[in-house]
Structures are given as C-alpha cells and as structure tokens.
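For this one, chain A is given, so just place chain B on it according to the hints.
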Amino acid sequence: MAIDPILARGDLRLTRITKSYGDFKAVDDLTLTIPKGSFFALLGPSGCGKTTTLRMVAGLEEPTVGSIHLGDTDITTTRPYQRPINTVFQNYALFPHLTIFENIAFGLRRRGIKDVKEQVDKVLNLVELPHLAQRKPTQLSGGQQQRIALARAIVNRPALLLLDEPLGALDLKLRRQMQIELKWIQREVGLTFVHVTHDQEEAMTMADTIAVMNEGKIEQMGTPADLYDDPETAFVANFLGQSNLIKGKIDGNDGDSVVINLFGQKISMPKARSHAVDSSLYAGIRPEKFRITRTGSAFRGNTLTGGRVEDVSYIGVSTQYVVAMPWGQELMVFEQNDDGVPPFNKGEEVVISWEPSFTFGLRGDEDIEAGTEVNPEETPE
Amino acid sequence: MSITVPKVRVPYLLLFPGFAFLFTFFILPIVNLAQTSTQSPIAGGDTGQYEQRFAFSNYVNAFLENREQFARSFVYATLATVFALAIAYPLAYAIAFKSGKFKNILLVLVVAPFFTSFLLRTIAWKQILGEEGFLVPTLRNLHLLGQQTTITSTSIAVVAGMTYNFLPFMTLPLYASLERIDPRTIEASGDLYANGLTTFRRVTVPLSLPGVVAGTLLTFIPAAGDYVNAAILGSPNTKMIGNVIESRYFKIVDYPTAAALSFTLMAAILILVTLYIRKAGTEELV
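Line by line, the protein sequences give chains A and B.
The first sequence maps to residues 1 to 381 in the numbering used here.
The second sequence maps to residues 1 to 286 in the numbering used here.
Treat the hints with caution; some may be incorrect.
[What the hints assert, rightly or not] Mimicking DSS-like on lysine-lysine, the simulated pairs with C-alpha atoms at most 25 Å apart in a straight line are:
id, chain 1, residue 1, chain 2, residue 2
1, A, Lys-173, A, Lys-183
2, A, Lys-114, A, Lys-136
3, B, Lys-279, A, Lys-136
4, A, Lys-122, A, Lys-136
5, A, Lys-346, A, Lys-289
6, B, Lys-101, A, Lys-25
No lab work stands behind these hints, which were simulated from the structure alone.
Bound-form chain A, shown alone:
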C-alpha cells in the first residue's frame, strides 16, 4: 500500500501516542499537531522521548498505542519506504559506497525517476556543494556531509522532513552558520521541517514553534518568545535560559494583577501570567529583566530590598551579578553595560527592581531544580 503523495500532504497529527519498552514509557500519551509548512522543534534533554517520537513519524518504530496522520492519511503502521517523509539522520548515515551524486539520487531512483541529473544538480547548488558530486562521503568534512545529508532528503520534496539532532556533530561556529542556512533552506523549499534537538539555542534560532518535552510528555508548546517570556513549568523556565524562582504566597487581587508576598516583601504581576493552582507559587523573573540599583535610586514597579552583591563577573556586553537576598537565596542579575553607571562592588547593598509584567508565576509545588542540570550548553548572552 503506497501513500498517495498528493493526499498525504497537510498537517502531521499525532493522536494519543504512547511508546512503551516493557514498563518504561518513552513517549506517554502524546497528542500533537504540526502545521504544514512550519519549522517545528521538539526540544528536550536526552531520554525525554523526542527521538522516539521522530522515529515513529519516520516509521522506524511503531507506537504501542495511538495513531499518526499525515493530512487525511493514517500512516501509523505504514512502512518507512512508503511514507512521503525523509530524515536527516544524526551523524548523517550517508552511503559510504556511493558517490555524493548517487547518495542524493538514491531516493529519486528508488521511486523510478530515470532522469535524476537535473534535480540532483539543483539541490547540490542549493547546498552550495556542486563541485563535490563525484566524491565519496568519507572525503568530505563534517559540515559538508551534513549538507549532503540534507540535500539527499530534500531532493525528494517530502511532505515532511525530519531532522534528528542534525547539527550535533558540528563545532559551534559551523553550527551557528548551519542554523541560519537551515532556516533559509526551509523557507526556500517550503517543506514542513520537524527538528529534534537538546540544544535550546538551536531550537530557538530556527523553529517557529517549539514543543518542550520531558519524560515522554510535552511540557509546553509555543513560539520561542512565548516559551521564554511565559514558561508554565519550572522545567521550561530552567531548560530555556536561566530563571530566578522565588517562593511566595498570593496575597490578593488588584484588578488584573495579583499581589504576591515574597518573604515579607510585596510585589505584583499580571493574573494571566500566573500558573499557580492555589495560593502558593513561585515568582519567576529572568536575570536580564532585573535592574540593580543603589538604595535611594529610581526603581521600576516591583522592588526587593536587602540584597547584597555576592559576586560580580564582567562579560563585556553585560555584567552578571549574584545577589544574596535576606532569606538566603542567591539571585542572578544580568545588567547591560549601557548606562555609564559604574559596576557594583562585592558586598554592596542593593535594591533589585523590575517591571511587574515580566514576572511569571509557577505552581508552588514545583521542583524548582527541574531542567537545570540537563542542559549541557549554557548561553551567556
């Protein structure tokens, strides 16, 4: 049973997918729709089930429960070679015995296309490596192999292109460059890209929509800005960038705002940004949203007094402070070096202030360490 390539175009829908290995659920009751034409990222630490999800979409694994639809076609049990889906594998999986040209032509030839030259040349030009057509994969650098792996997949114009940690083996500089190129190529060819990565920066740079996965479930889904500005769980708050999470209690309402008591100091935040279920919550503020000032200066809306500078690191574009609060917690503060104010010294007493609308509220029963240790790459910007 082959898939009709016209009908099987459209949104990818995963419905209540579970994949179990014995007692372990790699993917746990996952429902997800990926709109046609989007650049979608599945982001999470290793073991979160993102690669298993991708392999089920590719047809390399079969879900224990649930169904996968592409457009109106059910592809849950379809063999991989019958799906209009192609994958850029981690470490590329190029065929070592074939030339680059034949690697790229492989999918076209299997579909019975005789005259492959024009299409192969076109895609080689797209990835800017036309001069390598007659080489073997082992004669190419990692970055070149990466592009060929991409070319080998997109030459088939699949309904869906899957990328499994495609930039994981490249060095940082090349990775940045490829992120931009991948994004450009996706717009150029107009295909749906589903990208699996553990690198939050990579996901944020490229994807229109990110689904953050943890322990087989989706923690939160949205645009990179949504996820960063208004994370709904501690895992998302910590996995994407850094967060200061301060334990507090909801003290009452004030119009569209809620008033929160943080160790005796009152702050407020928009009601819509609180994801607390009862009166206990964690107030979350990103380190760059804080302003740090000397006592007696102008403050922004919310203030916390009694802080003492514990540590100062000058990073060039910014200065990073660790501020010890009276209740024993250390807060991270990133200050832009743009106001001519001399840096604060270690031991100085300071006031921390921020716009109330930058605050996000998490449930008070959250594990505030969730997602902190799993991300190997910190981004200092």
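Using the frame of chain A, we list chain B on its own:
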C-alpha cells in the same frame, strides 16, 4: 651504556624477527624449490638423485601431463567457494543483525570445528556420506538417490568436504564486514523509499563486499591447493593438483615435477586472485 635507541632504528628492530623468520622458512625454501624445479635426473643415478640442468621443459611437461587435475582443482575450489558463500552469507547476516544476545555463542559455534583436527573432521565426513551414515539411506528411501548410487568417492563428496572445511574462513570475514555496517545506513535506505530487498541489494551487499572478497580468497586459495579432501573423500577420478604434487614428492620421488607443479599452481592462483580483486573493484574498501 645508554638505553636510548635512535628512533630511526626502532622500526627495523621491530621488523627483524619477522624478516628473519620469513627469510629462513619462506625465502630460502622457495629458492630451493625453484632450483629443484629445473633439475633433471643424474644419468645412471639412483631414484631421487637430480642435478641442475635448467630444464625449463619440466614446467611444460608437468603442466601438460596434469592439465586435468589443474582444471579439476580450480573447478572444485570455485564450487566450494560458491557453496560456502551461499551458506555463510545468510549465516553471517543472521549472526550480525538478528542474533541478539546469542551472537557470541553463535560465533563460538562457527569456530568450534577448529577445536578438532582437520583430518578427523574430514574422516568424519566419510562416515556421514558413507553407506552407514544417515544421509545415504535417507536419500535412498526418499528415492532421491538410486539404490546402488553412493556419494563417497565422488566429486560431490570432495566439494562437500571442502565447503565444510573452509566454511569458517568464509563466515568470519563476512560477519566482520556485515557487523561493521552502520545500522543507520540501512534505516536511511528504508527512509529513502527502498524496500527490504532493494536495501539488501543496494546497501547491505555493496557494504559487505570487502568481507565477500576476503572470505572468497580465504576459501578459494587453500581450496585450490587442497589435497586432504580429495584423498579422503574422493577417488582416483577426483584427484586434484595437490594430490599429484603429494604423490610426486613422497611416492614417486620426482622432486623436479612436484616443484614445477607447485610453482605453476602458485602462479595460477596469483593471476586468478589479481584478476578477481581487479574485477571486484574493492581496493579502496578492503
């Protein structure tokens, strides 16, 4: 006395034992064999007494007299190689990809025959293929074999014995090259619209070619020079060149002919192997 050895000397020191060994036990004997191959009997001398007369006609005579045995050797060796490949490929494939936790046990089983002597195993085949073995009566009862037909002393027995004896030499290199295939290239092939059979033909087989070449060489070369299987399982009608060389040396004491035949065999194998490797075109893969 300094213990530091100048670095340039180290490789030569490391090579010395190997060179010394090969010089003593390979180069010298082969030079000796070459000398013997052009000797002629001493006029009026005893059996086995020869002198150097540069009689290159020994080669022509030896070849012309034994054309049949030469041809048979290469036909048998080719058949044994083909059968061994046909048996070993699925076996190695199953061990490499489908055996799971039994992989090591199966590999030990492949090598297990080596724990017994080559001669004993070949003699055992005589029993298996003989009148009292289970095979011949069974085939006769099934009317697949005439009541008077036997298997021992036929070319079938010799080829079967060779196939069996060289099977591990085929299986192990095949296994090694199949096992090295990155399973993701197999997945990538499926991802790129190739079904199981096409993937096998287009990806698995080409990537296992180094193993096929190594296995066929390791089987064909010793099989072409083998004489044990023909001696134990065959008859005078299944004589191979190895048997001729053996009898010329030890029974007829015709050293020059035996030496000339040995060199001819070596040259023939060398030419065939070179052509084969050229044809297989796997220099860069091996």
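Structure versus earlier hints - violations, ascending order: none
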